[in-house]
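Numbering (the numbering used here), first residue to last: 27 to 1005.
Please note that the accuracy of each hint is not assured.
Stated by the list, open to error - Below are the DSS-like pairs computed for lysine-lysine, each with C-alpha atoms no more than 27 Å apart in a straight line:
id: 1; residue 1: K800; residue 2: K688
id: 2; residue 1: K355; residue 2: K604
id: 3; residue 1: K65; residue 2: K319
id: 4; residue 1: K749; residue 2: K852
id: 5; residue 1: K226; residue 2: K312
id: 6; residue 1: K800; residue 2: K814
id: 7; residue 1: K340; residue 2: K605
id: 8; residue 1: K345; residue 2: K289
id: 9; residue 1: K822; residue 2: K852
id: 10; residue 1: K784; residue 2: K752
id: 11; residue 1: K312; residue 2: K494
id: 12; residue 1: K292; residue 2: K308
Said to hold, decoys possible - Between beta-carbon pairs, the in silico distance windows are:
id: 13; residue 1: G158; residue 2: K757; range: 57 to 67 Å
id: 14; residue 1: D225; residue 2: I363; range: 29 to 39 Å
id: 15; residue 1: E545; residue 2: F288; range: 50 to 60 Å
id: 16; residue 1: G158; residue 2: F288; range: 16 to 26 Å
id: 17; residue 1: K157; residue 2: G254; range: 25 to 35 Å
id: 18; residue 1: L634; residue 2: I363; range: 23 to 33 Å
id: 19; residue 1: D364; residue 2: Q671; range: 46 to 56 Å
id: 20; residue 1: I728; residue 2: E75; range: 40 to 50 Å
Since the hints were derived computationally from the structure, they do not count as laboratory data. In this text, a Cβ means the ideal position worked out from N, Cα and C, and glycines have one as well.
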Amino acid sequence: MKSLQLNIKKKFTVYCTRVKCVDMNNKEPWLLASLYSGKVIILNLNNQEVLKTFNVSVKPVRSSKWIERKKWIVCGSDEGAIRVYNYNTQEKLKQFEAHPDFIRGLSVNPTLPYVLSCSDDLTIKLWDWEKGWKLAGVFEGHNSFVMQVAWNPKDQSQFASASLDDEVKIWSIGSKQARINLRGHTQGVNCVEWYKGKDKPFLISGSDDFSVRLWDYQNKSTVHTLTGHESNVNVVFFHPTLPLIVSGSEDGTVKIWHAINFKLEKSLDYGMGRCWSCSSTKGSTKIAIGFDKGIVYLKLGNEVPAISMDQNGKVIWAKHNEVQTTNLKQISEEELIDGEKLSLNIRDLGQTEIFPQKLTHSPNGRFVSVIGDGDYTIYTALAWRNKNFGSANQFVWSSEGNTYAIFDARNDSVKIFENWREHTTFEPPFRIKGIFGGALLGIKSDSFICFYDWDKCKIIRRIDVNAKNVIWSDNEQYVTIATDENVFYVLSYDQQLIHAVMEVGNLGSIEGVDEDGIESAFEPLYEFNIPIRGGKWVGDCFIFINNRTNSLCYSIGETIETVAHLPRPMYILGYLAKKNRIFLADKTLAICSYSIPLNVIEYQTAILRKDYEIAEKILPLISHDRLASISRFLESLGLTEMSLQITTDPTHKFELALKLGKVPLAEKVADETDNDLMWKRLSDIATNNGNWRLAIKSMWKIYDLNGLLLVYTCLSDRDGLEKLAKVAKEKEEMNIAFTCYYSLGEMDECLKLLCFGKRYAEATLLARTYIPSKVEETLQLWQNDLKKESKNEVKKKISESLASPKEYPNLFPNFDTSLQIENLLKKNNNNKSKVKKSTYYPKIQNTLSRNLIEEYKENPQQFVIEEEEEEEEEKILLMDFNNSEKENINENEMEKEKENENENENENENENEKEKEKEKENNSTIQQLDLAELEKQSEKSIKKQQEEEEEKKKDQEEDMIDFSNDPKVNDNKNSQKND
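Kindly generate the complete structure, drawing on both the sequences and the hints.
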């Protein structure tokens, strides 16, 4: 038997002090490492980052293991204690004295709640964590240190132990005595491991006699002894996926042996010191090795599983040398759930004479090629009978008949077989690095690939790319070439042209043909900067796995659609049109599927070909849940109108409607979904376009009170302001409510709001200006509020200094007149007048400049308050929220409305400028009404008051407010004040 074609790649090295034990997690990319320093670390194998560090002991920790189903780690140290931690929270859950001497090894039962520990005290102990880590058994019989224990993966009530008494013992948890003693090593045994396959009762051990022994424990005999190490062997194990035995020694080397012919395949020396431990996981080709100076992480071979599926759904795979099969067509539709592992009806098919590294069905599905160990064998797919065999490093099928090619690296040649007989041997004028099958035979070098016809081995075309994979479509019209530069190309292949050229025979006499082949044979279509992990053509659609994002995707033309993000690395098996599904497998041979309906692919292909009639016929056949993705596909092609008609996603429909300027449709979608973000977008768009009906509706939907205040004020909408004031008050938006009431002339409501907010000073000033009858009431509230803080002398003084019109009428000239005018205003209901536009200002300018107090004093009997009659204004269309018919304005009306509003924008801007100027004049007039009379009436008494104040002026305390100008503080409160 030949050597394995084994590619060993060092992934990384992590340097740390003396790693005594390593254990890889089966569920996460984590490595548990026990250090001689007494620490235990969790290392991320993806980025070499130390995720967690556990300070377990001040003495060495020689063993630590995952208990994945409990999210624990269990550690054994030299002081004889076992500690249990939650590896997520790092909480120590348990610590107990397990042995009086060093704990050399731990082993966790894969299904039962048991942990085995072995020690220098010559014993093995069994611990039950479901019973609070109770001691469930003690096993004695070794005469020296017990170095390692290991559970039997095929019988979980059985375990093996290795001891420095030169023996390997096999125990059962139901018996305290060893069932089997294996003797053969001449010195102490350091390690022991079970063979995980079902076909052989093997056990392997490593010893201080520098040897590795393979045992048949049923016959209690040595099957083979592996020699070659130059020091103690501390590590042995069977690789979980490859026919390999790995051993590590204190001589610093790791040796890899063929598990079938026991030939040494590789000897690795990384200069890391003594080797102490090694670990792998189920279904993986990667191993982690612990040395004196750190950790080395290796990849042996590749992780692509040996599995193949034919076009009818029959799947064949190999586990070691055992071959099994299943039929995916028999799975019911209810079982086919995206991403879910399939429950398969598996049947044993047979065995292979070589260790299979790759399985491939022939194009017609009748035969299966198996390649491995430098040999190939062809079997019938149904009965698994040997059809042909030979030596080869690579094997590929042609797309037609029973034609195939093999590559033999020893003589650097390619042999082509037809109907199981050698047809020709071909040696290209360059060094061969690999071959590819399909419509043409592809032969690659270091920097290019050449395609040849199968019959005459004539060159069709040379393409200057470093090809990693070549995938042909079933109709042979397209080919995908994946490269090592993380790029893949899609090319079209002119099959008819090639047939016509080949019939001529003499290619050199044809125009467009040179030493690189036929120039027009291939036409580059698309280039994608994506690394891919396998692919499959379905019609004009190329399905592939994006290796960068680990996602399942497909491309039609230049468009790439993502089907799903995969939970773990997977590989494409094939596509079943009747199931409308693509099937995938992972490295553990677990199979799952994802839905990619064929009618969706056909529809997208028709769209790309601009065959819209066919696309329209296919569309009704597509399931409703696929329409949203198709809509996005159409949008990516610029077919926005078609995308809008198809989409079922409200958010997408809303965006498309806005993109096409169909605001009424966007409004309808927003009504149906009641999405705040949609209404905010509509509010902004409507405001910019002057669509006040929609703007107001949108603002109410999202309670944009500030926006509503602006719009209602601009539109002089009294009803809107009243409604907004009530809502703002309910929502405690007092500034907005106050502004609304102020604009409405509702001074009583403004006063209530100020008092509600305990803004008594502002309330009193407002009352003095607009509602003098309320001054006494608000003043009393102000004084009471100041008196609440009795210890604050400043506020107490302020409270005493406040004068009321009732007690000190001399300080409030014309106050009685203002009360009489207030009553007249109430009778005329002028405080309920309409909210006026800024354009109305010129008509009431004279009214605003009137001095009402002077007019009333001159002739109270003939005093009247008149306003210029307001001309009938143009009515503004406001939203009637209860009338749905008004909301559904057609698109033409909306467009006309936009045009009319845009024409009026310039006029409104001019009016707004005039309004600002008049507002300034209005403010000055109001100030005159409130302050002018006060100034005139108080001038006469100013001199007298100043004289009295100078005579009665007293010194004020430091850091107090100067109240010298306040007559109320300085005068006797009970004295009568003169006018």
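*Looking back at the numbered hints, which does the structure fail to meet, lowest number first?*
Numbers 1, 9, 16, 17 and 19, in rising order.
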